[in-house]
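K.L.:
Residue-level listing of the chains:
2 protein chains.
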Amino acid sequence: MKETEKFNLGESLPLTQVLDSLPYNSDGLIPAVSQQYDTGEVLMMAWMNRVALEETLQHNRVCYWSRSRQKLWRKGESSGQIQILKEMSFDCDGDTILLKVDQTGPACHTGRRSCFYNVVRGDRVEVASDVLIDPEQLYGK
Amino acid sequence: MKETEKFNLGESLPLTQVLDSLPYNSDGLIPAVSQQYDTGEVLMMAWMNRVALEETLQHNRVCYWSRSRQKLWRKGESSGQIQILKEMSFDCDGDTILLKVDQTGPACHTGRRSCFYNVVRGDRVEVASDVLIDPEQLYGK
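Each protein sequence line maps, in turn, to chains A and B. In terms of our numbering, the first sequence opens at residue 40 and continues consecutively. In terms of our numbering, the second sequence opens at residue 40 and continues consecutively.
Check each hint, because a few of them may be wrong.
[As the list claims (entries may be wrong)] Simulated coverage check for chain B against chain A, where a stretch passes if three residues somewhere in it have a Cβ under 8 Å from a Cβ of chain A:
1) 48-55
2) 74-87
3) 123-132
4) 141-149
5) 156-162
6) 165-176
[To be verified] With a Cα cut of at most 20 Å, we get these calculated SDA-like pairs of lysine to any residue:
7) B:LYS125 with A:VAL158
8) B:LYS41 with A:ARG163
9) B:LYS125 with A:GLY161
10) B:LYS125 with A:GLU165
11) A:LYS110 with A:TYR178
12) A:LYS125 with B:SER168
13) A:LYS41 with B:ALA167
14) A:LYS45 with B:LYS125
15) A:LYS45 with B:ASP169
16) A:LYS41 with B:ARG163
17) B:LYS41 with A:HIS148
18) B:LYS41 with A:SER168
19) A:LYS41 with B:LYS45
20) B:LYS45 with A:LYS110
21) A:LYS45 with B:GLU175
22) A:LYS41 with B:SER107
23) A:LYS125 with B:ARG160
24) A:LYS41 with B:HIS148
25) A:LYS45 with B:SER168
26) A:LYS125 with B:GLU165
27) A:LYS41 with B:GLY79
28) B:LYS41 with A:ARG108
29) A:LYS45 with B:GLN176
30) B:LYS45 with A:LYS45
31) A:LYS125 with B:GLY79
32) A:LYS41 with B:LYS41
33) A:LYS41 with B:SER168
34) A:LYS41 with B:VAL158
35) B:LYS45 with A:GLU175
[Said to hold, decoys possible] Far from chain A, some chain B residues (derived; all Cβ distances over 12 Å):
36) VAL90
37) ARG108
38) GLY115
39) SER117
Derived by calculation from the structure, the hints in this document are not laboratory data. Ideal placement from N, C-alpha and C gives every residue a C-beta, glycine not left out.
This is chain A alone, in the form it adopts within the complex (with noise of 0.2 Å):
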């Protein structure tokens, strides 16, 4: 993303363009923050190829790369806590991506609504959020 680092406000180059030339790493893939559109939570981190990448944009519903299935994962379809696709960026480097959604329920495979729950609280990390759906329901288990 070199190139739009001296754009003014507005500039823009094809998308196609920019998908070619994302620094994916040598497995093809580039990782993705997921943010709640509206309150800004960070929910989670995963990791997108080119093909992840079109389908969520052409159904504005967020896929990932699974790297311990080695599959495409439509986030939500096993769980339904689905992640809609609100707006995509790229970073100054263009190697993260910047997903805002709108989260279904938890995005956390937990059943709690973030990622992000063991927060460091002096000499101790400490779990900050509640379950919100048992596992156990979530995944039929």
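Dock chain B against chain A, hints included.
P.N.:
Only chain B this time, still in chain A's reference frame:
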């Protein structure tokens, strides 16, 4: 952080135990997302190692690891645009850090407030925020 998944609200682990067991990558690094603590704006993504984490917690001033310069990067040491740490949290897997900070001026090396200024609008990617301080002024070039 698997241990805390089933913790109740307020249960905790010792910080040193958590820092010892984080899933640092092969370069000893973990991605850290920073967010302005009061407005919720996501500012940037950078990397921390164990030393950067400890220094940040000790001084409440954010220190990253610069992958390009291969040394500790005390945010703002050249530009004066520092990040005061308000809260640090780890996600469910412990593989991403969220830093709630108070950012002085621009977080981005381009002089923009946030690094995430390249916004997808239809089939274009548009620069959606203006430069606050000219980078030549920030870095004295």
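K.L.:
Hint by hint, say whether it matches the structure.
P.N.:
Against the structure, the hints come out as follows:
no.	hint	in the structure
1	48-55	holds (count 8)
2	74-87	holds (count 7)
3	123-132	holds (count 7)
4	141-149	holds (count 3)
5	156-162	holds (count 7)
6	165-176	holds (count 5)
7	B:LYS125 with A:VAL158	holds, 11 Å
8	B:LYS41 with A:ARG163	holds, 16 Å
9	B:LYS125 with A:GLY161	holds, 12 Å
10	B:LYS125 with A:GLU165	holds, 15 Å
11	A:LYS110 with A:TYR178	holds, 18 Å
12	A:LYS125 with B:SER168	holds, 17 Å
13	A:LYS41 with B:ALA167	holds, 15 Å
14	A:LYS45 with B:LYS125	violated, 31 Å
15	A:LYS45 with B:ASP169	holds, 10 Å
16	A:LYS41 with B:ARG163	holds, 16 Å
17	B:LYS41 with A:HIS148	holds, 12 Å
18	B:LYS41 with A:SER168	holds, 15 Å
19	A:LYS41 with B:LYS45	violated, 43 Å
20	B:LYS45 with A:LYS110	violated, 27 Å
21	A:LYS45 with B:GLU175	holds, 12 Å
22	A:LYS41 with B:SER107	holds, 15 Å
23	A:LYS125 with B:ARG160	holds, 11 Å
24	A:LYS41 with B:HIS148	holds, 12 Å
25	A:LYS45 with B:SER168	holds, 11 Å
26	A:LYS125 with B:GLU165	holds, 15 Å
27	A:LYS41 with B:GLY79	violated, 26 Å
28	B:LYS41 with A:ARG108	holds, 18 Å
29	A:LYS45 with B:GLN176	holds, 15 Å
30	B:LYS45 with A:LYS45	violated, 48 Å
31	A:LYS125 with B:GLY79	holds, 16 Å
32	A:LYS41 with B:LYS41	violated, 38 Å
33	A:LYS41 with B:SER168	holds, 15 Å
34	A:LYS41 with B:VAL158	holds, 14 Å
35	B:LYS45 with A:GLU175	holds, 12 Å
36	VAL90	holds, 16 Å
37	ARG108	holds, 14 Å
38	GLY115	holds, 16 Å
39	SER117	holds, 16 Å
When each numbered hint is compared with the structure, violations occur for hints 14, 19, 20, 27, 30 and 32.
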